[in-house]
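Undergrad: Going down the list, the sequences are from chains A and B.
Take the first sequence: its letter number 191 is residue 191 in this note's numbering, and every next letter is one higher.
Take the position in the second sequence, starting the count at 1, then add 1000; the result is the number in this note's numbering.
Honestly, I wouldn't trust all of these hints.
[What the hints assert, rightly or not] Distance ranges between label pairs, derived from CB positions:
id, chain 1, residue 1, chain 2, residue 2, range
1, B, Asp1021, A, Arg34, 54 to 60 Å
2, A, Val121, B, His1063, 54 to 60 Å
3, B, His1063, A, Leu155, 52 to 58 Å
4, A, Tyr144, B, Ser1129, 50 to 56 Å
5, A, Arg34, B, Leu1186, 33 to 39 Å
6, B, Arg1127, A, Val53, 36 to 42 Å
7, A, His186, B, Leu1130, 24 to 30 Å
8, A, His186, B, Leu1186, 30 to 36 Å
9, B, Leu1130, A, Ile201, 42 to 48 Å
10, B, Gly1122, A, Gly57, 43 to 49 Å
I should point out that these hints are in silico values taken from the structure, not numbers from a laboratory.
All residues carry an ideal CB built from backbone N, CA and C; glycine is no exception.
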Amino acid sequence: MSAQTVEKNPATATRPAGLGLAMRAEWVKLWTVRSTWWTVLALVVLGAGLTTVICWGNADWLANDQEESPGSFITWGMMIAQVCAVIVGTLAVTSEYGTGMIRTTLAAVPGRGRVFLAKTVVVCGVLFVTGTVTALLGYVGGNYFLDREGIGMALEGDVARSMYGSGLYLAALGLFAMAVGFLVRHTAAAISIVLATVFVIGNMVMLIPGDLGVWITKLMPGNAASSLVAPVSFNPDALGAWTGFGVLLAEVGVLCALAWWLLDRRDA
Amino acid sequence: MIRAQGLTKTYGDRTAVNGIDFTVEPGRVTGFLGPNGAGKSTTMRMILGLDAPTKGSVTVDGHRYAASPAPLRAVGALLEAHAIHPGRSARDHLRWMAASNGIPTTRVGEVLEQVGLDTVAGQRAGRFSLGMGQRLGIASALLGDPPVVILDEPVNGLDPEGIRWVRRLAQQLADEGRTVFVSSHLMSEMALMADHLIVIGRGTILADCSMQQFMADHAASYVRVRAPQSTDVEALLVGRGLEVDRVDDELRVQGLAAPAVGELVGSHGLLLHELTLVRSSLEDAFMALTADSVEYHAKAADEIKAGRR
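Can you build the whole structure from these sequences, using the hints too?
TA: See the structure below:
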C-alpha cells in the first residue's frame, strides 16, 4: 500500500456532516428486518433460477432458430427479479412511515437530505451488487444449457455489460420505488404505482397508434433500459443500452428531486 | 434548557399551538400537562424539528434541534406512539440509532440494562407489551446520554412498578442537572413527578409555575367544622371576618388554619364535633383550569338524554 492511500483524503473532511454515520445507520436498518432477507433471497432465486430454467427449456429450439437470439434469454429471470427490487426499495422507505419510525429516523438524523441520500445510496448499492451477482449466477446456470446446444456465449462484450447492466437497472428501479415511497408514504400504494408503471402501463402504451405509441413505449421507465439488461433486447425498437439507461435515470432523477423537495418540507 | 418563543402551529384552519412562550430549565422535572388534543405532542414534535413551526421558534440550549451534528447526544426523546419498527429487535433498534449519531455500541447494552430489557433485547419489538415498548422508547431517549430528556406520556401502559421507576428516573435525571420535560394528561401523575408545571389547553399556556405554587393557587382548601351549637359558631367566625359557607349541618371556613379555628371556637367555650382541613384534589384544580379548553368532551348519559328532550 502506498503512503498516499493511507493519508486521509481531504475531500472527506468537507462532505456533508455525518453522511457516513447516516449510511451506517441505514445499513443496520436494512439488514435487521426479515423482509429484506426474504426479498433479496427471492430476487436471487427468481432471477438466477428462472434464467436457468428458461435457457434449459429453450436452448433446443434456439439452436435451430435464426430469428431469436440466445442473448435475449440469458438475463430473462431479471424481468421477474425486478419486482423484488421494487419491494426492497419501497419497503426501505414506506415501512418507516407505516410504523411511525420515520419520526425516530428524522429525530436521529434531522438533515432530511442526508436521510434521503443515505437511504438511497445504501439501498441502490445493495441492489446493484445483488442484481449483478444474480445476473452472473443466471448466466452460469443458463449458459450451461446453451453451451450443450452449441450456442453458449462468452462473458464479454454485450454479455458482460448485461450483467452489471442488470445490477444498474435494479438499482435505478429501486431508486424509482424509493422516490415514490417518499412521495406517497404508503407501502401498498407505492408498490402498486411502481409495478403498474413498469408492467401494466409500460405495455399498454404500445396500443397507442403510430410513432407516438412507439416512442412513449420506448421511453417508459420499465422499457427504456431493456437493451442494457440483455445482450440482445426482445424489443427491436428499444433505445440503445446507455441512451436508454440515461432516459431511465433522468425520469428517476425528476421523481427524486420532487421526493427530496417534499421530504424537506412536509411535517413528519 | 428548552425555550419556546411565540411558538405557533396551524394545520389548515385549526390552530394546534397558539403563540406559546415557555422555558424548561435544567436541574428539575418540568411537567407538561394538558388534556388530549391540547397541543402537547405538537409542541414536542416542533422541539425535535419533526414539525416546522408556522410562526415563532423553539431552541434547545440556544440552538435549533436540527442544527446539532449529533442530536441524540444533545436531546433524548421518547416519542408518543412508539415510532419503532415492529419487526426489528430492541437491540437492533438501538444499534442503528447509535450508529446514526456515532454513539459507542457499548451504550446499547447499558441502556437496555438500565430499562430492564436486557433479557428480551433480541426479541422483535412487535411482540413487546405496551409497557415494554415504552421502556424501549425510554432506552432510546437515554442512548446518547443527553443533557436534555423529553418524555411524551412516559407512563402510558406501564404497570405500577414501571410508573414508580419512571418517576424515580425522571427525578434522578433532573438531579444530575439535566433538563427533563415530561408530558402527561394525568394531573395526579404530574403531582408526583414534576417540580415545575406548564399547563397547556387549546394551544395556549394556562399556567407556568412551580408545583407548590400551582397547588396553592388552584387547589382550593377549607376547614370543615361541625359543632352542636353551629349557629353560635357561625356567628363567632363570621364576626372575625372569616368567610363561612353553611352546607347542611357543616360549616366551611376559609381564611384561617384548622388549629386556629379550633382554638378560637374552644376559647369561647363552644364544643366541636369535627375540625378537618379539606383540600380539593389537584385533579379537580386541573379540571377546573382546563374545563373550557377540553377538546373532546365526554357526556354523561343523562346529559345526552336531557339534550334530546
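Undergrad: It remains to establish, for every hint, whether it holds in the given structure.
TA: Tested hints:
no., hint, result
1, B:Asp1021 - A:Arg34: 54 to 60 Å, "violated (47 Å)"
2, A:Val121 - B:His1063: 54 to 60 Å, "violated (28 Å)"
3, B:His1063 - A:Leu155: 52 to 58 Å, "holds (55 Å)"
4, A:Tyr144 - B:Ser1129: 50 to 56 Å, "holds (53 Å)"
5, A:Arg34 - B:Leu1186: 33 to 39 Å, "holds (37 Å)"
6, B:Arg1127 - A:Val53: 36 to 42 Å, "holds (39 Å)"
7, A:His186 - B:Leu1130: 24 to 30 Å, "holds (25 Å)"
8, A:His186 - B:Leu1186: 30 to 36 Å, "holds (34 Å)"
9, B:Leu1130 - A:Ile201: 42 to 48 Å, "holds (44 Å)"
10, B:Gly1122 - A:Gly57: 43 to 49 Å, "holds (44 Å)"
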